[in-house]
Amino acid sequence: MTSTTQTNYGDTIFRNLTRAFAFLILLLIVFMVYEMYRTSASSIEKFGWSFLTRSVWDPVQEEYGALPFIYGTLVSSAVALVIAVPLSVGVAIFLSELAPAWLERPVSFFVELLAGIPSIVYGVWGFFVMVPWMRTTVEPLLSDHLGFIPLFRGAPYGVGMLSAGVILSIMILPIIASISRDVLKAVPRVQKEAALALGGTRWEATRIGLSYARSGIMGATILGLGRVLGETMAVTMVIGNRPAISASLFDPAYTMASVLANEFTEATTDMYLSALVEIALVLFVITIIVNSFARLLVWSVTRKNQAGRV
Amino acid sequence: MQKEISTISVQPTVAAVPVELASKREKISAHQVCAFFGQNQALKNISLSIPEHSVVAIIGPSGCGKSTFLRSVNRMHEMIPESRITGTLTLDGEDIYQMDAVQVRRRIGMVFQKPNPFPTMSIADNVSAGLRMNGMRDRRRIEEIVERSLRQAALWNEVKDSLFKGGMSLSGGQQQRLCIARALAVSPDVLLMDEPASALDPISTAKIEELMYELKKDYTIVIVTHNMQQAARVSDRTAFFYMGELIEYDGTKKIFTMPSKKQTEEYITGRFG
Ligand SMILES: Nc1ncnc2c1ncn2[C@@H]1O[C@H](COP(=O)(O)OP(=O)(O)OP(=O)(O)O)[C@@H](O)[C@H]1O
Ligand SMILES: [Mg+2]
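As given, the protein sequences belong to chains A and B, one line each in that order. If you're matching positions, the first sequence starts at 1 in my numbering and goes up one per residue. If you're matching positions, the second sequence starts at 1001 in my numbering and goes up one per residue.
The set of hints was computed from the structure by calculation and includes no laboratory data. What you are looking at is a predicted structure, and each value in this text was computed from that prediction instead of being measured. Check the hints yourself; a few may be wrong.
[Claimed, not checked] To give a feel for the contact side, a few chain B residues facing chain A, derived at Cβ under 10 Å: (1) R1071; (2) R1075; (3) P1081; (4) I1085; (5) G1087; (6) V1102; (7) Q1103; (8) R1107; (9) V1111; (10) K1114; (11) A1129; (12) M1133; (13) N1134; (14) A1183; (15) L1192.
[Said to hold, decoys possible] In silico DSBU-like cross-links for lysine-lysine, where the CA-CA straight-line distance does not exceed 35 Å: (16) B:K1217 - B:K1261; (17) A:K185 - B:K1165; (18) B:K1261 - B:K1207; (19) B:K1216 - B:K1261; (20) B:K1114 - B:K1207; (21) B:K1217 - B:K1165; (22) B:K1262 - B:K1024; (23) A:K185 - B:K1114; (24) B:K1044 - A:K185.
Glycine included, each C-beta is placed from N, C-alpha and C at the ideal position.
All chains, please: the whole structure from these sequences, using the hints.
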């Protein structure tokens, strides 16, 4: 009896300690939001909700609106995911199902190596190598063949939304690919065997594996998304930094993280600083919303997998 | 129970192969089949012949290679890394290892030792998975086959109102019957069943045994079982495996009444294994 009480006592301390840490994190978030809110108060007061829907960004006239930055962040992230997810899943399938062991290990190593490269290195490479290549080859090719879609119309600048999306996709490919590979490798062998035993081809067995692994792959995508939303340096170097909304992906754009990095030191007036901090606040909120939404998606898929189990 | 079987007395001269089987066409034959997991040899020179439209039971102690033999027949063994197989296996006289593996598996269905329904699919989709893989698109026809297969597997009554629930929502025994239905849906020629009834209650077991009796008219069935009574009840022939070797293969009646090998007798009377 005494020993049980003692363990319970230890349990209680442990539980309260961990609970305290959890609350600490929550408190930290609340504090950050409060601080950002406080610093951006004058901008919030002046522009209200229209801050989110206005496209002006004029430090001289002290007129600020965040729409182009919000647009830039969301669209460049979307472009990055559209490119990176299928590619990563392809790489993951190759590594987990098709590659012989002698090839799998070095390729996996390089994929993981990519994840460790600092983003400024991607930025430099993007600016000096990728952007010229986009301008002279990729964008003209796209507009020649897919020019009927407004996304691929217009002058090939090189720097712009598309370049930002591409560099972001390269940056998140390793994360999504290596997690997806692990998830696919964890698919029980009997699942694939069940598909094969029914006369399924190797591809059909892989598809069964993919559907088994889909919530894990979605989780990997969310991690990637978390990174692209906040990615700053590499994007700043290739996106062109022009606060404009344009249908063409070739045109220069701007993201929330980039404008913060570029203009924070120049924010000389209170209103300018206040507007920038409000952008930070918006980025914070958008990140939370996007992540919650994505998590909800994963949760609903996982729940459907176990439908009726309860 | 096992003693009881061995004491049933029959005439001392029973033909090595029962007459009614001797006339049947050979469906599957194994010749000098050896299977390896890396250095470990799981099957040693297995040679046996499985007649069409019959049920062959494979018995033997755990780890003797029963599953490995089944998995060599539908080429599932080769899916395991570092595995190797030698010897010849034929289906209708054609070398299984010269055929396209996908074609082999369309003709030789399998029910695995552990139930393995597809967790992301509904019950109905589990059953029709093979049909859809083989390119069937006709909705009505698929529905018909799903119902027929579930009825055959003695599961229909339990799931007919929840066909669109997840396959994992079923109990272990129901999952196994779902897997049986899934294998039946693609109508293979041969059905390999690895202890299909080990997780089933007596009633569903009886239904599955009945099913085997039914299926025998059109299919050839190879069943692995640890249950001697079941082997005696459902099979025409019985093979006794021991430590990767085929010790004895004969008409079921003969095996259970007067086995010619001492090891077989000891095993079926429960004295070892
Ligand atoms: N995936 C594997 N890797 C390595 N060795 C294996 C593997 N599967 C089986 N073996 C070995 O092959 C031998 C035969 O195994 P098998 O599964 O065929 O036995 P079994 O007769 O089906 O047994 P049980 O009645 O327990 O199912 C065993 O000695 C086992 O250790
Ligand atoms: Mg087995």
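In rising order, the numbers of the hints this structure does not comply with: 4 and 5
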